[in-house]
Each structure stands twice: as C-alpha cells, then as structure tokens.
Amino acid sequence: MQNEVSVIARRMADAIVLFWLVVTIIFVLIRMAPGDPADFLVPPTATAADAARLRADLGLDRPLIVQYAHWAGAVVRGNLGESFSSRQPVSRILLDAAPVSIALGGISLLLTFLIGVPVGMFQAANRSNALDGLTTVLTTAVYAAPSFWIALALVAVFTYGAASLGVPAALRLPAFGIRTPGIVLGGWAGLVDLARHAVLPVVTLTAVGAAGIARYSRSAVADVLDEGWVGMARAKGAPPARLYATHILRNVTPQLTVLAALSLPGLIAGSVFVESVFAWPGLGKAMLVAIQARDYPVVMGATVFYAAAVIFANLAADIVLPLLDPRRGAHAA
Amino acid sequence: MNRAATVDRVATLAVALLALMLCGAIFVPMFARHDPLAIGDVLALRLVPPLGHDSAGAWHLLGTDRFGRDLFVRMMLAARVSLALGVGGSLLAALIGTVAGAAAGWLGGITDRVTMAIADALLAIPRLVLLLVCAALWRPGLLTVLIVLGATGWMGVARIIRGEVLGVRARPFVEAANALGVRHWRVLVRHVIPNAIGPTIVATTLGVGNAILLESGLSFLGLGIQPPQPSWGNMIAGGRDLIVAAPWVALAPGLALIVTVLAVTLLGDRLRDTVAGRQVRMARQLGERT
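These protein sequences, in sequence, are chains R and W.
Residue 49 in our numbering is what sits at position 49 of the first sequence, and the numbering runs on without skipping anything.
Residue 171 in our numbering is what sits at position 171 of the second sequence, and the numbering runs on without skipping anything.
No lab work stands behind these hints: they were computed from the structure.
A virtual CB, placed ideally from N, CA and C, is assigned to each residue, including glycine.
Take every hint as true, because none was put in to throw you off.
With beta-carbon atoms standing in for the labels, derived distance ranges:
| hint | chain 1 | residue 1 | chain 2 | residue 2 | range |
| --- | --- | --- | --- | --- | --- |
| 1 | R | 106 | W | 67 | 33 to 43 angstroms |
| 2 | R | 5 | W | 108 | 23 to 33 angstroms |
| 3 | R | 177 | W | 111 | 49 to 59 angstroms |
| 4 | R | 223 | W | 38 | 51 to 61 angstroms |
| 5 | W | 226 | R | 234 | 55 to 65 angstroms |
| 6 | W | 59 | R | 241 | 48 to 58 angstroms |
| 7 | W | 185 | R | 228 | 45 to 55 angstroms |
| 8 | R | 110 | W | 108 | 39 to 49 angstroms |
| 9 | W | 194 | R | 223 | 23 to 33 angstroms |
| 10 | R | 96 | W | 12 | 48 to 58 angstroms |
Under 8 angstroms between C-beta atoms, here's a sample of chain W residues computed to sit facing chain R:
| hint | residue |
| --- | --- |
| 11 | 122 |
| 12 | 128 |
| 13 | 136 |
| 14 | 138 |
| 15 | 247 |
| 16 | 251 |
Some chain W residues well away from chain R (every beta-carbon gap over 12 angstroms; in silico):
| hint | residue |
| --- | --- |
| 17 | 32 |
| 18 | 35 |
| 19 | 38 |
| 20 | 51 |
| 21 | 58 |
| 22 | 163 |
| 23 | 183 |
| 24 | 197 |
| 25 | 274 |
Taking the hints into account, I'd like the entire structure generated from these sequences.
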C-alpha cells in the first residue's frame, strides 16, 4: 500500500513537470511565429502610434522572458489571461465552450466502444474466414475517411437525399446548429430539439471512433484467443457467447479502458471538424475563431486545456490500470 | 512459411490501388482535355452532375464544380499535392525521428533527457491542435504544411529508434566494433539503425495515411493548401455550401482520399504483421539457441 501511494505520488510529480514543459513549449511555439498580433487587432485606419499603444497595453512590448514568466505564473494560478479581441477572460470563453465539446465527445466515446468492441470481437472470431477480411476493409475505409467528409455525406443524405425521397421536413434531421433558431422551446420539447440536432454530429464522431476501436480490439481479442486457456474452455464445452462475453471481454478490459482514457482528449480535439461543419459552439470552434483572429491568449489557453486533458487522462489510466488488472500491481508498472 | 509464399491478396490490392492513384495523378492532368484551373463559361458549364454532359457536349466523369471545372481532372491534380505531402511529411517525420532517437539513445545523458522531454510534451498536445496552431501562425502553403507535418509527427519514430539503439548498444557486436576502433557514427549507421528499420518502415507507412488525412483537414479549414491550387481538403471545402444543391462537388474528391488512405493503411497493417512475425521468429530462434 505504502509502495502504491509513492508510485502514484511519483506519477503525479511527473505529470506536473510534463505540464510545465507543455506550457513552455506552447509559449515558445506561438512566440516563434512571425507577425505581430497588435497589427491584426488595430483598425485599418490606425497609426503606428496606436499600434504601439495597444502593444504596450497588452504587454507585448516587454522582454519575452518577462512575458513568459508572467504567463506561466498566471497559468499555474489558473488564470489564462484575457482575449485580445473580446476582452473576456479566456477561462470564461473556454468554460462556455467546453461543455458542448465534452458532451459531444463523451457520448460519442461511449457509443464508439459499444459498437467498436463487438465489431472487433466479431472480426477476431472470424479470423479464419472471409468475413474478417471484408469487415477489415470496411472498418479501415471508415477509419480512412476524414470526419468532415463523413459529416458532409450525412448532411447530403439526410437533407438532399431525404428531400428527394419525399420525407416531410418535420421528420428530416436538422443539419446545422445546436437548436432550431427563432423559436424558444422549453423543457421536454427543447431537449428533443437538442437531441435531434445532436444526431448527425454524434453519428459522425462515433463512426470514425468505432472504426479505430474495432481495429484495435480485433488485434487485442485475437491475442487473447491464442492463449491456451481459451482452447481449454472450448474443449470443456463452454458456450461461445459466454466465453466471449465474460472471459475474453474481461481479459481485454484493462487495455480497452486505457485506450478509452487516452482517446477522449483526441476525440474532443477531433471534434474541431464536426463542430466546424455542423456549426456547434464548442471548443474546436472557439479555437478556430481565435486562430483566425490571432487571438493568442485564447489559442494558448485552449492548447493548455487540451494538453491538461491529455496529461490528466494519462495519469488516470496509470492509476486505474492496476485496479483493473490484478496481475499488474502498481509497483510492477 | 506457407503464408509468405502465397500471394497476399490484400497487400496486392493496396499496392495496385496506390499505383493506379499515382498514375492518375501523373497522367490525367497531363492529357486531360479540360483545364483543371481555367475558368471558362461559368453559367454553361457549372454544376454538371456526375456522368453528365455540359451544354457544350463534353462528358464529365464526376461532374463539374461551381466554376465549371471538371472535378475528376481537378481531383487528380489534387492527388499530386496530397500524395506528395503525405509521403513527404511522413518521410520528414521519420528522418527527424531517426536523428533525434539515435542521438538520444546513443549519446544518453542530457541529450537523451531533453529530447525525450520535448517528445513527451509534444505528445501531450493532440497532434491536430498542434498542427492547427503551427499552420495558423505561419503563412499557409505547401512548404509550411510539409514542415509542420514533419515537426509534429517525429515522436513515435524517435521512441522506436531510441529503444532499439539502447537495446543494440549493449549487444556484443557493438562492443566488438567499438573495441576495434570503428567510429561511433559508423557503428550507429551500419549496425544500429538497420536493426531498427522494420518498425520504422511500418510507422512511416501508417504515417503517410495520417499525414494525408491531416493535410486534407488543414486545407479543409483553410489553413493548408490555398485555392486555386487544388488539394482534396480544399476541394471538399469548396463544395461545402453546395452540399444540399450539388453534393457531388464536396463528396467526389473525398473518394480519392478515402481510397488512398485505405490502401496505405492496409499496406501498413500488413507490413506490421510481417515485421512482428519476423521479430517473433527471431526471438524464438534466439531462445532456442540459448
């Protein structure tokens, strides 16, 4: 127990060092870039003196090392600065946008595993016949499709396609936005409206994610199937359904849990495209807008947020893994 | 043994598809009757559906875009950019990764710690976010995308090479080479790197598919290849607001992208199985010998 606590403490210390490194790298990256944000922010009629005043106002005229110390110190205190363009606190902007992305990513992650794992199992079970090859090509094709293409294809099918088949407008799925504009729906009706708008974004993210998880679970399950005890269980006459649902699933659960923890941040980041196509006001959209406006504090803040999510997920996976897999004690990891 | 001797159908299909795409990319824009960049009589030619004829009577395999340009010819012109960037970006990443990993593993000490710390920090930022930030801050274009793909994709290869270098360094033949007075870099290049090449090739092949996808994503968001030069990503973006009226403009270029990434990924998977199989066999032989 003592040992496990010290391992966890060391992991946390590593995570904090890593976070500091990320913060530094983000600062260096962004300051290495050519161009001065003040030039983008002043109105086109501004004079050089106006730009200089704005630069002083934003602290951009101070030595880089001072700016770095100032920024890193503020980040540690949880203060990400304020947006150059809207003058709102960056944390406010991120906190407003994050729930949309996290909800979208979380629901998709759940569905991704509910679909991806059984597909991977099915493939592994059919390793010796053509079904596996066919499914592999199919899942790899979905995996190879960019999410924005899938999103647009779904829109085409559910608007253009549904309209040409004569599906009434009320039954067609809405293609853009998070709510029906113009009308205020409260309570149950509002929730239904939100859910209808969420279908296509969730399906897009789930399709891409499930294809990846299926690829991974296929090889994970195939490895387990090669173990001696599986043959033993079969010889004893264990029903295949039970073999897969309890024994084999239990054996791949630790790996899949780690995979889930590690893929959530990527899924949230990957929703940049989905949020862009479906016009959802999430983190990805906020970041794109900030990138186009050279709003450095928001870009840096969003990047710090994503990195913090990745580091936290890694740490969580490290801590949870020994609990799921008794063979792998904390001290062994 | 039997497996290796029989023709691998999936790998053959993948290579055939890639060869077809490469030939199309080289020859279609060279010999096409339609100029992929010129804008002619827009009203007469625009938005011809796939397999349709325009009002001048010319036939278009995948139809035309909003400016009346033939989508198939443009898609093949875009294939040049996308294939070059995919392969180039992944190779650049492999090169950076090999140098960084070899330096870290061979020199050890502070070099190792700094290199791996940077790799860990870059891995902690989702690659897409890293790409967006870099691509947005520098002037968009071919060279920027290439460099950014290399600079954000080297960490995996660096880890593989570093691991192999650390493993091989301790082996007797390296010690022997050192004792004979062979120069360090020569030992590294002649004996250490070749041992690490298998996993690196697999990572690089799979990296090509990733790089193509990422390039298309950047171009889709307007941060990569800029129109009028076509890339699969910016062609899809170009059809985005026509998705209800003329869905083929956005969807057709994606087919070439999907086929290419599919073929590269299937090929990479096959290579991985082969390399893994070889390593298992080598480990077994070593085990039997001792």
